[in-house]
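There are 2 protein chains.
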Amino acid sequence: MELDKIKEREIMPGFHGKIINGDNITWAFWRIDEGSELPEHKHIHEQIMHVIDGKIKFTFDGKTLVHGPGSIVVIPSNMPHSGVALTQCKIMDVFTPVREDL
Amino acid sequence: MELDKIKEREIMPGFHGKIINGDNITWAFWRIDEGSELPEHKHIHEQIMHVIDGKIKFTFDGKTLVHGPGSIVVIPSNMPHSGVALTQCKIMDVFTPVREDL
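Sequence order for the protein chains is L and Z. Using this note's numbering, the letters of the first sequence map in sequence onto residues 1 to 102. Using this note's numbering, the letters of the second sequence map in sequence onto residues 103 to 204.
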């Protein structure tokens with residue numbers, strides 16, 4: 001597959017995603033509009049977030065931090081988390097098991 | 103975590119990796135020297151490979167293709183695969199379950 005040829009979908013307001021599913025892994029490539037908010041939520045899926053470009057304010061496990069290019073955040077299963085894009089962002093998320101809902 | 107601060111290890115000859123482990127996900131960030139070879143192997147771990155920079159000749163499921171920036175390859179559990187870096191490469195791999203051996 002070529003990332004350029006995968007269709008982007010606006011999965012939540014301001015969150016434009018390209019979603020790759022294996023059998024047990026989802027890899028999401030996000031382009032996020034400045035100011036877009038991710039309300040607090042949780043899921044059984046373990047998640048690892050990696051910021052490629054931009055700045056995102058991200059809250060989980062009682063801590064709020066601003067993450068920029070190169071940041072990596074490991075979010076355990078069922079851990080509530082939320083965020084807001086302080087600038088336009090490019091972010092990758094990987095999940096297991098597959099995010100059937102994306 | 104900041105990718106810049108994670109120590110790189112030469113895990114196989116020419117394969118310089120930064121390895122992030124969650125509970126069930128391993129995310130590997132590779133810098134691969136030109137000409138480095140990945141001998142055919144397989145593992146129970148499902149794998150998704152994403153090429154960031156460079157060109158890698160990669161064989162799995164009876165097909166050999168050259169992958170460049172933006173390529174994504176989903177490698178099912180226990181599928182034999184091999185490769186050779188045709189140029190210096192930057193590649194990301196995600197695995198589930200965790201690669202205890204990396």
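Keep in mind that the hints were calculated from the coordinates and are not lab data. All figures in this text were calculated on a predicted structure; none of them were measured in a lab. Treat the hints loosely; a few may be bogus.
What the simulated footprint calls covered on chain L by chain Z, stretch by stretch (three residues with Cβ under 8 Å from a Cβ of chain Z suffice, anywhere in the stretch; the number is not a length) [unchecked claim]:
id: 1; segment: 10-17
id: 2; segment: 63-77
Lysine-lysine pairs mimicking PhoX-like chemistry, simulated, CA-CA at most 20 Å apart [unchecked claim]:
id: 3; chain 1: Z; residue 1: Lys109; chain 2: Z; residue 2: Lys120
id: 4; chain 1: L; residue 1: Lys5; chain 2: L; residue 2: Lys18
id: 5; chain 1: Z; residue 1: Lys157; chain 2: L; residue 2: Lys5
id: 6; chain 1: L; residue 1: Lys42; chain 2: L; residue 2: Lys63
id: 7; chain 1: Z; residue 1: Lys165; chain 2: Z; residue 2: Lys109
id: 8; chain 1: Z; residue 1: Lys159; chain 2: L; residue 2: Lys55
id: 9; chain 1: Z; residue 1: Lys144; chain 2: Z; residue 2: Lys165
id: 10; chain 1: L; residue 1: Lys90; chain 2: Z; residue 2: Lys159
id: 11; chain 1: Z; residue 1: Lys159; chain 2: Z; residue 2: Lys144
Residues from chain L that keep clear of chain Z, each with C-beta distances beyond 12 Å, as calculated [what the hints assert, rightly or not]:
id: 12; residue: Met1
id: 13; residue: Glu2
id: 14; residue: Asn21
id: 15; residue: Gly22
id: 16; residue: His41
id: 17; residue: Lys42
id: 18; residue: Glu46
id: 19; residue: Ser82
id: 20; residue: Gln88
id: 21; residue: Met92
id: 22; residue: Glu100
We put the CB at the ideal spot given by N, CA and C, even for glycine.
How the hints compare with the structure:
{"no.": "1", "hint": "10-17", "in the structure": "violated (count 0)"}
{"no.": "2", "hint": "63-77", "in the structure": "holds (count 7)"}
{"no.": "3", "hint": "Z:Lys109 with Z:Lys120", "in the structure": "holds, 6 Å"}
{"no.": "4", "hint": "L:Lys5 with L:Lys18", "in the structure": "holds, 10 Å"}
{"no.": "5", "hint": "Z:Lys157 with L:Lys5", "in the structure": "holds, 18 Å"}
{"no.": "6", "hint": "L:Lys42 with L:Lys63", "in the structure": "holds, 15 Å"}
{"no.": "7", "hint": "Z:Lys165 with Z:Lys109", "in the structure": "violated, 34 Å"}
{"no.": "8", "hint": "Z:Lys159 with L:Lys55", "in the structure": "violated, 35 Å"}
{"no.": "9", "hint": "Z:Lys144 with Z:Lys165", "in the structure": "holds, 15 Å"}
{"no.": "10", "hint": "L:Lys90 with Z:Lys159", "in the structure": "violated, 27 Å"}
{"no.": "11", "hint": "Z:Lys159 with Z:Lys144", "in the structure": "holds, 17 Å"}
{"no.": "12", "hint": "Met1", "in the structure": "violated, 4 Å"}
{"no.": "13", "hint": "Glu2", "in the structure": "violated, 5 Å"}
{"no.": "14", "hint": "Asn21", "in the structure": "violated, 8 Å"}
{"no.": "15", "hint": "Gly22", "in the structure": "violated, 5 Å"}
{"no.": "16", "hint": "His41", "in the structure": "holds, 18 Å"}
{"no.": "17", "hint": "Lys42", "in the structure": "holds, 15 Å"}
{"no.": "18", "hint": "Glu46", "in the structure": "violated, 5 Å"}
{"no.": "19", "hint": "Ser82", "in the structure": "holds, 19 Å"}
{"no.": "20", "hint": "Gln88", "in the structure": "holds, 20 Å"}
{"no.": "21", "hint": "Met92", "in the structure": "violated, 8 Å"}
{"no.": "22", "hint": "Glu100", "in the structure": "holds, 15 Å"}
When held up to the earlier numbered hints, the structure conflicts with 1, 7, 8, 10, 12, 13, 14, 15, 18, 21 and fits the remainder.
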